[in-house]
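*Asks:* Which chain is which? The protein sequence lines are A and B, in order.
First residue of the first sequence? That's 1 in the UniProt record's numbering, and the numbers climb one at a time after it.
First residue of the second sequence? That's 1 in the UniProt record's numbering, and the numbers climb one at a time after it.
Simulated from the structure, these hints should not be mistaken for lab results.
Note that the coordinates shown come from a computational prediction; the quantities given were computed from them, not determined experimentally.
Any given hint could be a false lead.
To be verified - No more than 16 Å apart at the CA atoms, straight line, and that leaves these computed lysine to aspartate or glutamate pairs for EDC-like:
#1 K213(B) <-> D7(B)
#2 K4(B) <-> D68(B)
#3 K213(B) <-> E22(B)
#4 K17(B) <-> E59(B)
#5 K94(B) <-> D152(A)
#6 K94(B) <-> E187(A)
Unchecked claim - Covered by chain B, per the in silico footprint, the following chain A stretches (three or more residues, Cβ under 8 Å):
#7 189-195
#8 221-230
Beta carbons: idealized from backbone N, C-alpha and C, even for Gly.
One letter stands for each residue in the lines below.
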Amino acid sequence: MDAALLSQYVVNGLMQGMMYALVAVGFTLFFGVLNVIQFSHGDVLMVGSFVGYSAIMGVIAVGIDNPYIALAAALIAAVTLVGLLGAVIARLFVLPLRSSPPLNTLLITLMLGTVLRESVRLFFPHGSHPKRFPPLLPTDSIAIGGFDLRVDSVMLLIAGLLVIVAIHLVINRTRLGLAIRAVAQDEETAMTMGINFRFVVLVTFVIGSAVAAFAGIMNGLYYNEINFNSGLLLGVIGFAAAIVGGLGSIYGAILGGFLFAALQTVGAVAMPFDSAYKDVFAFTVVIALMAWRPTGLIAERVSERV
Amino acid sequence: MGDKTLDIENVYTAYDKADVLEGVSLSVRPGRITCLLGSNGVGKTTLIRSILGLTAPREGRITFGGRDITGMSTHRVIATGIACIPEGRKVFPKLTVTENLRIGAYQVKAEAAIRERMNEAYEIFPRLAERRSQLAGTLSGGEQAMLSIGRGLMSSPDLLLIDEPSLGLSPLFVKENFNVIQRINERGVTVFLVEQNVRQTLAISHYGYVLGKGRVVAEGEPDTLTDNEEVNQAYFG
């Protein structure tokens with residue numbers, strides 16, 4: 001394999017890994033504070049990409065053709081509205097079910113995901129067709145050694161990395177992050193220390209969902225196409241990544257995301273079968289990993305969360 | 001500092017449908033150590049939970065400094081000047097010693113005040129200062145107890161609720177713990193101490209109540225309680 005092709009696979013794998021990691025971080029945050037699986041998370045991401053798409057179309061419709069203004073509008077709209085959507089989901093569907101079995105939350109959010117998906121399909125103009133997401137970032141390449149790196153890919157990877165660093169700083173360096181970690185470890189004692197539990201849960205859902213919206217825009221910019229059902233697989237992969245990394249651990253989720261993308265890439269490139277089987281290969285390895293380490297790669301020895 | 005009275009009037013608290021507290025009334029006067037004695041399962045922790053709003057009473061009234069706090073959400077109760085050292089210490093195992101102390105001052109906004117109180121806590125418990133960046137889960141039981149007390153003081157509360165501080169500690173450490181509680185009280189913090197350990201608790205308390213099966217069965221000054229028939233019955237009968 002020549003260097004150019006290899007570099008393409010590497011960049012592609014990193015990009016997918018970044019998106020999976022961002023989705024997995026949401027799963028792990030929600031599980032941390034509330035012990036629930038928010039199964040509509042992938043569809044929340046998809047809503048993020050459609051909100052971003054609409055904002056871009058709006059900016060273009062009023063005659064502004066600066067791609068960075070369009071991008072800023074997409075990011076602001078998607079992150080705010082989807083953050084709000086996350087808070088609404090937590091308030092209406094997750095918090096009220098707190099005293100019922102966790103299976104109920106899992107089911108209700110699974111159904112909610114279907115509602116989001118079908119709503120976009122039915123109510124978004126021509127929602128059932130894939131939408132062409134305009135390439136807003138410069139598409140020229142820079143040659144480094146034998147590698148050809150596309151500028152937009154590099155920018156997306158850096159932006160993703162910055163989001164991960166931001167999450168790390170919020171969780172570990174701020175008062176809010178301290179509250180999130182305390183709630184994750186012992187909800188009742190956290191309340192006894194004066195932490196407003198419901199507020200912390202809502203803010204956590206806002207953060208997780210806003211990060212998913214960011215991943216949705218990233219997804220659109222990278223593939224130049226968005227689709228009403230693209231959230232489903234991303235959600236399942238993000239969930240698998242969170243589980244294999246050790247549900248509740250942020251760094252486990254990030255590791256799991258990149259691991260899954262690496263497996264897909266290996267499945268597509270280095271295996272003797274057709275590359276269409278890359279997901280089958282990746283999920284099979286994940287299942288094997290789960291059998292080997294049921295609590296995830298970054299294991300919860302004590303009840304570690306977040 | 002503490003000049004507020006905690007009044008509990010005719011409180012009924014139930015889990016599901018069974019009442020655990022059946023009309024408890026008592027009063028914790030400012031500046032003193034008031035204790036609540038009672039054996040396992042009579043509802044001592046339930047009373048603490050009722051005060052904190054973790055399990056809202058289904059009937060009755062709880063006021064603190066004249067303000068009705070019955071069934072308020074927990075973070076609001078804490079904002080009125082109450083802090084708690086929970087049963088079993090309940091330090092956050094995956095937070096460092098410093099972070100645990102910080103959580104105790106969660107509602108305190110002034111960084112200077114937080115730092116000052118943290119230094120105070122390290123003065124009272126030098127062992128914690130040595131382990132300040134260690135995860136609380138790696139501390140010994142005794143050190144966790146110190147941390148839990150230090151954390152309870154971080155908000156500079158008017159009233160400190162202490163639930164079974166002697167639980168699971170060695171006799172030597174229990175003694176030291178009670179000394180610390182006495183010193184905290186001498187600095188002006190009102191203490192409501194819930195315990196099973198009769199003798200040592202009464203030795204430091206100014207006033208005591210005895211809880212038996214969801215009701216207050218006796219109350220009085222420590223020396224009258226020591227010879228009280230009901231107390232002996234509640235414990236040994």
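*Asks:* It remains to establish, for every hint, whether it holds in the given structure.
*Replies:* Now the hints, each set against the structure:
{"no.": "1", "hint": "K213(B) <-> D7(B)", "in the structure": "violated (20 Å)"}
{"no.": "2", "hint": "K4(B) <-> D68(B)", "in the structure": "holds (12 Å)"}
{"no.": "3", "hint": "K213(B) <-> E22(B)", "in the structure": "holds (8 Å)"}
{"no.": "4", "hint": "K17(B) <-> E59(B)", "in the structure": "holds (13 Å)"}
{"no.": "5", "hint": "K94(B) <-> D152(A)", "in the structure": "violated (39 Å)"}
{"no.": "6", "hint": "K94(B) <-> E187(A)", "in the structure": "holds (13 Å)"}
{"no.": "7", "hint": "189-195", "in the structure": "holds (count 7)"}
{"no.": "8", "hint": "221-230", "in the structure": "violated (count 0)"}
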